[in-house]
Amino acid sequence: MAEQKKILIVDDEPDMVEWLTTFFHDHGYQTCFSYDGFDGFEKTLSEKPDLITLDITMDRESGIKMYRKLHDSEQTNAIPVIIITGVSPELKGFIERRKQVDPPAAFFEKPVDKDKLISRVKELIG
Amino acid sequence: MENIYQAYFESLPCFVTVQDRDFRIISANRMFRDNFGDHEGRFCYQIYKQRPEKCEICPVERTFRDGGEYHSDEQVRTLDGRDVCVIVNTTPIRNEKGDIIAVMEMSTDITDIKLLHQQLRESQERYRILFEEVPCYISIQDKDLRIVDANRLHREAFGTSYGGKCYEVYKHRKKECEPCTVRQTFADGKVRTHEEVVTSRDNEQMNVLVNTAPIRNGDGEIEKVIEMSTDITQIRQLQDKLTSVGLLISSISHGIKGLLNGLDGGIYLVNTGLKKNDRDRIDRGWEIALRNVDRIRTMVMDILYYAKDREPDWQTISPADLLRDVCTIIEDKAKKLNIQCGCNIDDDVGEFEADPQAARALLTNLVENAADACRIDKKKSEHRISASLRGTTEKIIFEITDNGAGMDRETREKAFSLFFSSKGAGGTGLGLFISNKIAQAHGGHITVESTEGEGSRFIVEMPRRRPAQVKEE
Chain A
4 MAEQKKILIV DDEPDMVEWL TTFFHDHGYQ TCFSYDGFDG FEKTLSEKPD LITLDITMDR
64 ESGIKMYRKL HDSEQTNAIP VIIITGVSPE LKGFIERRKQ VDPPAAFFEK PVDKDKLISR
124 VKELIG
Chain B
1172 MENIYQAYFE SLPCFVTVQD RDFRIISANR MFRDNFGDHE GRFCYQIYKQ RPEKCEICPV
1232 ERTFRDGGEY HSDEQVRTLD GRDVCVIVNT TPIRNEKGDI IAVMEMSTDI TDIKLLHQQL
1292 RESQERYRIL FEEVPCYISI QDKDLRIVDA NRLHREAFGT SYGGKCYEVY KHRKKECEPC
1352 TVRQTFADGK VRTHEEVVTS RDNEQMNVLV NTAPIRNGDG EIEKVIEMST DITQIRQLQD
1412 KLTSVGLLIS SISHGIKGLL NGLDGGIYLV NTGLKKNDRD RIDRGWEIAL RNVDRIRTMV
1472 MDILYYAKDR EPDWQTISPA DLLRDVCTII EDKAKKLNIQ CGCNIDDDVG EFEADPQAAR
1532 ALLTNLVENA ADACRIDKKK SEHRISASLR GTTEKIIFEI TDNGAGMDRE TREKAFSLFF
1592 SSKGAGGTGL GLFISNKIAQ AHGGHITVES TEGEGSRFIV EMPRRRPAQV KEE
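If you read the sequences in order, they're chains A and B.
Following my numbering, the numbering of the first sequence begins with 4 at its first residue and continues without gaps.
Following my numbering, the numbering of the second sequence begins with 1172 at its first residue and continues without gaps.
A portion of the hints provided could be inaccurate.
[As the list claims (entries may be wrong)] Sample of chain A residues at the chain B side, in silico, Cβ under 7 angstroms: (1) 22; (2) 25; (3) 38; (4) 109; (5) 113; (6) 118.
[Unchecked claim] In silico lysine-lysine, DSSO-like type, Cα no more than 27 angstroms apart, as pairs: (7) A:9 - B:1550; (8) B:1566 - B:1504; (9) A:9 - B:1549.
It should be emphasised that the hints constitute simulated quantities derived from the structure, not laboratory data.
Backbone N, C-alpha and C fix where the C-beta goes; we use that ideal spot for every residue, glycine too.
For reference, chain A alone in the conformation it holds in the complex (with noise of 0.2 angstroms):
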């Protein structure tokens, strides 16, 4: 029996955490979680998720700054990212050419599509 999959959830808004982290329990996954980009990247080092979900409307860009840490410490850049941002799809685009960092493994705008989110999470770590 495959291990449960474990889901680290970063939002700073508690009702998107609480939906998210029911939803993907539903969906067999285990979750963690956190409310800012900061504490979100020590706890993708201290819990190892297996997919990040990362908002980058967060205060002070600390969605950004942590997608950036990701992609730079050995430790996490393997670990597939979706971001969901409130912002348009423009921002997609400005993320996929700054060059330094690749682009996220899925972008999804709010209000979010469950299914395609779940669907995608699935595809992603199973």
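Please build the complex by placing chain B on the supplied structure of chain A, with the hints as guidance.
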């Protein structure tokens, strides 16, 4: 010999007569005869002016009197009824003894010249009216930047006194502007356009679009520069408003997406909770749904408030009652979020002049912000909001304190600006901006003290009496 002079006399290209003391025409040249007919025995005033008697001021008479040469401007009528303007010159004709025996009167037709003069005057008049009345500010400066002429609008707006330096008059500066487009135009004769902010004599600032152009004299040298300014303050204000509206729309979209997301989340929890018969999940989901609906409501109300520029509905109200009302509203919400509420109201604080609806909105916004700050603060387990009210002779002071997430310096400094929200998806960026606007409309202000991780205090000061300048409006 005489024949030559006779020939000259005859062929002079003006009207020439020689008159005796009675103003009878003794002799006249061809041009005269051609235009005025026979002169034999007739008086000059009869022929020229169709008058029965001599003119009151007669240059011929004066010449007879003192032998001097005189001239005058006259209008005469020819035989065929044409009115001709002439310059009349008179010269005495003397005998060997030196007595004046006749006066020669020479009249030059200046009708065309007079017409040109009149047209020129009319043309100048038209330009003057244009200059004076055109709806922009025009001034003309000399090489020393002194204003040598200004139109009516300019004089009214800047109180121009001629001879003043332009930079003193409407920039209230002691030195030339750098760069000075007037000087540049003097140097190269090029027309220039640029935007400026100037101050009227009522100390109002105006955005203007300034054009400078050279004025050349007959030799082609630039002796003056004309400066023409159009008031574009309203356009800039509209532009600012449009930019704000643009920002508002994108901020709303952003905010709504977040709220819809929250609603989705709540609904998901309720639906799956119903399927699984998980009461706890249903409750949690419903709470999330309600909270987000609430936020949508607040957002819509904020937007509506922002969209309308409201005059305060001035009433005399009790700040104690106001604060108590607001506290009651927030107590419910606070209990759910496990936040303690404290109200410290000095009932002897008296009354003040305010718009009750606006003041309530202001306080509610601050208290809700405090609740949100506590909710997102995960570092402490016990949260508390306290509201207090006190008064001085001059003003009323509300304080809303929380021990929530607090703000760092950057957040604090940006807190009141439009569309800045630290709430990520949850905030519109309007709440504090509007609260501040309300406070200012009452003649008061809001200050904030905050420490990141520890909490914040918002202090609202409002005068007891509405401000005088607002009263005048």
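Checked hints:
Because the closest C-beta pair between residue 22 (chain A) and chain B is about 3 angstroms apart, less than 7 angstroms, the hint holds. A hinted interface residue such as residue 25 (chain A) counts as satisfied when its beta carbon comes closer than 7 angstroms to some beta carbon of chain B; here the least separation is about 6 angstroms, so the hint holds. Hint status for residue 38 (chain A) relative to chain B: holds, with the closest Cβ pair at about 6 angstroms, below 7 angstroms. The closest approach between the C-beta of residue 109 (chain A) and any C-beta of chain B is roughly 16 angstroms, which is over the 7 angstroms cut-off, so the hint fails.
Residue-level restraint check for residue 113 (chain A) holds (minimum Cβ-Cβ distance to chain B is 4 angstroms; threshold 7 angstroms). The restraint placing residue 118 (chain A) at the interface with chain B is violated, with a minimum CB-CB distance near 11 angstroms, outside the 7 angstroms limit. Among the hinted pairs, residue 9 (chain A) with residue 1550 (chain B) is consistent with the structure: their alpha-carbon atoms are about 24 angstroms apart, no more than 27 angstroms. For the suggested pair residue 1566 (chain B) and residue 1504 (chain B), the alpha carbons sit about 30 angstroms apart, so the restraint of at most 27 angstroms is broken.
For a cut-off of 27 angstroms, the pair hint linking residue 9 (chain A) to residue 1549 (chain B) stands: about 22 angstroms separates their Cα positions.
In terms of the numbered hints stated before, the structure departs from hints 4, 6 and 8, listed from lowest to highest.
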